[in-house]
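Required output: the full structure, derived from the provided sequences and hints.
Number of protein chains: 2
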Amino acid sequence: MVTLQPIAPQDIEAESFRIIEHELGTTDCTPEEFAVVRRIIHATGDFSFAETLRFHPQAISAGLAAIRSGKNILVDVNMAASGVSTGLLARFGGRVICRIAEAETAAMAKANTTTRSDAAISRSVADNIGIVAVGNAPTALLKVMELIDQGLFNPDLVIGVPVGFVNAAESKEILVRQPYPFITTLGRKGGTPVAVAAVNALLRLA
Amino acid sequence: MVTLQPIAPQDIEAESFRIIEHELGTTDCTPEEFAVVRRIIHATGDFSFAETLRFHPQAISAGLAAIRSGKNILVDVNMAASGVSTGLLARFGGRVICRIAEAETAAMAKANTTTRSDAAISRSVADNIGIVAVGNAPTALLKVMELIDQGLFNPDLVIGVPVGFVNAAESKEILVRQPYPFITTLGRKGGTPVAVAAVNALLRLA
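As they're listed, the protein sequences go chains A and B. Just so you know, we're using the working numbering here: the first sequence kicks off at 1 and counts up by one. Just so you know, we're using the working numbering here: the second sequence kicks off at 1001 and counts up by one.
No lab work stands behind these hints, which were simulated from the structure alone. No residue lacks a Cβ here, since even glycine has one placed at the ideal position from N, Cα and C. Among the hints, a few may not be true.
According to the in silico footprint, chain A covers these stretches of chain B (three or more CB under 8 angstroms from chain A) [as the list claims (entries may be wrong)]:
no.	stretch
1	1016 to 1024
2	1040 to 1054
3	1081 to 1087
4	1159 to 1166
5	1184 to 1192
Chain A is nowhere near these chain B residues, computed Cβ spacing over 10 angstroms in every case [said to hold, decoys possible]:
no.	residue
6	P1031
7	A1090
8	R1091
9	R1099
10	A1103
11	A1107
12	A1111
13	N1128
14	D1149
15	Q1150
16	Y1180
This is how it looks when you write it as structure tokens:
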């Protein structure tokens, strides 16, 4: 016998957050970091992210400043673009940018024998990017870090949480050692819902 | 020291599948079911889905027949619509339908004091739907099952993998007992990438 909890639509998120807080107990993150952790667990049903998430000390403040100043958010895949609360972002003047499906991106990838994810990042460095959020493609995250190292790209916050078995964990091991603001998850897990949840948590905090 | 595996873009998926097969070992599912399991693990980095996935015995054959006959695929959120390989689906004549963001859906939800997810399903029953894929909203999955019970909706396959803490696991406990073809995951985990991976695995099999 399965019983369903009767609950009004607008109360579902609050009730989910209550359950997460109850089961997770106390954590050693700040209240703002916890808002990100909580929304990621809400999006995945997976408490392991409470252990694998890593925040640069300035991650939250840099992300909020970028949103409030009206900067844009760059994402690696269209699924992420669909998930970000664009209405909230638009109130601050920013928009979501994703160039993965553009013809010029495919052409650049072919010419350079690289991935479309890589080319889509390279084509976006001059787009007033405040936050970069990569949930899918390790090659996109690697390209972001390479362009920053070369002084060609200067985002305020890198959310790098690619998922998978080839270079995902490795790319995040590199990100977690960087001096600039980042949010990442160690290991293979991550994904577009994780990236989107982190962005949307920041949008609500802003 | 982090070393990155040098790998050509087109080989990343094959290498990921090789790693998954190696670590997972033998399973008791059919080769077609395994193609779905493998793609879901690839999309999430989470081997626990190999244990929690449940297939109705006719799930694969019903899903493939629906795709091959040119029927449409109904999804609960726009993120899922962005993730489905629409090019592959179009070759068979089908398209992806998602009514969550339409103004009529919001109006119906308000009038009926229900969720937009629920209303978006109700508005799609006459759209020649072969596969329904719900990765986000338990209320959407509950509505699908209710409409089928009432004889008002007749999809060939229900992929019901909502994620979360309020009614997600409960809705899947109901689905797993239904007589019609389904694919689901027990417990709280699931999500849009899981739904999308299942659909895309079927599209490749077709």
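Hints versus structure:
1. 1016 to 1024: holds (count 3)
2. 1040 to 1054: holds (count 5)
3. 1081 to 1087: Holds, because 3 residues of the stretch 1081 to 1087 of chain B bring their Cβ atoms closer than 8 angstroms to Cβ atoms of chain A.
4. 1159 to 1166: Check passed, 4 qualifying residues.
5. 1184 to 1192: holds (count 6)
6. P1031: Its Cβ never comes within 10 angstroms of chain A, the nearest being 20 angstroms, so this holds.
7. A1090: Consistent with the label, A1090 (chain B) stays out of reach of chain A, its closest Cβ about 15 angstroms off (over 10 angstroms).
8. R1091: holds, 18 angstroms
9. R1099: Its Cβ never comes within 10 angstroms of chain A, the nearest being 14 angstroms, so this holds.
10. A1103: The claim holds: A1103 (chain B) sits with its nearest Cβ about 14 angstroms from chain A, beyond 10 angstroms.
11. A1107: holds, 15 angstroms
12. A1111: holds, 13 angstroms
13. N1128: N1128 (chain B) is indeed farther than 10 angstroms from all Cβ atoms of chain A, at 24 angstroms.
14. D1149: Consistent with the label, D1149 (chain B) stays out of reach of chain A, its closest Cβ about 14 angstroms off (over 10 angstroms).
15. Q1150: Non-interface label on Q1150 (chain B) holds, nearest chain A Cβ at 17 angstroms vs cutoff 10 angstroms.
16. Y1180: holds, 17 angstroms
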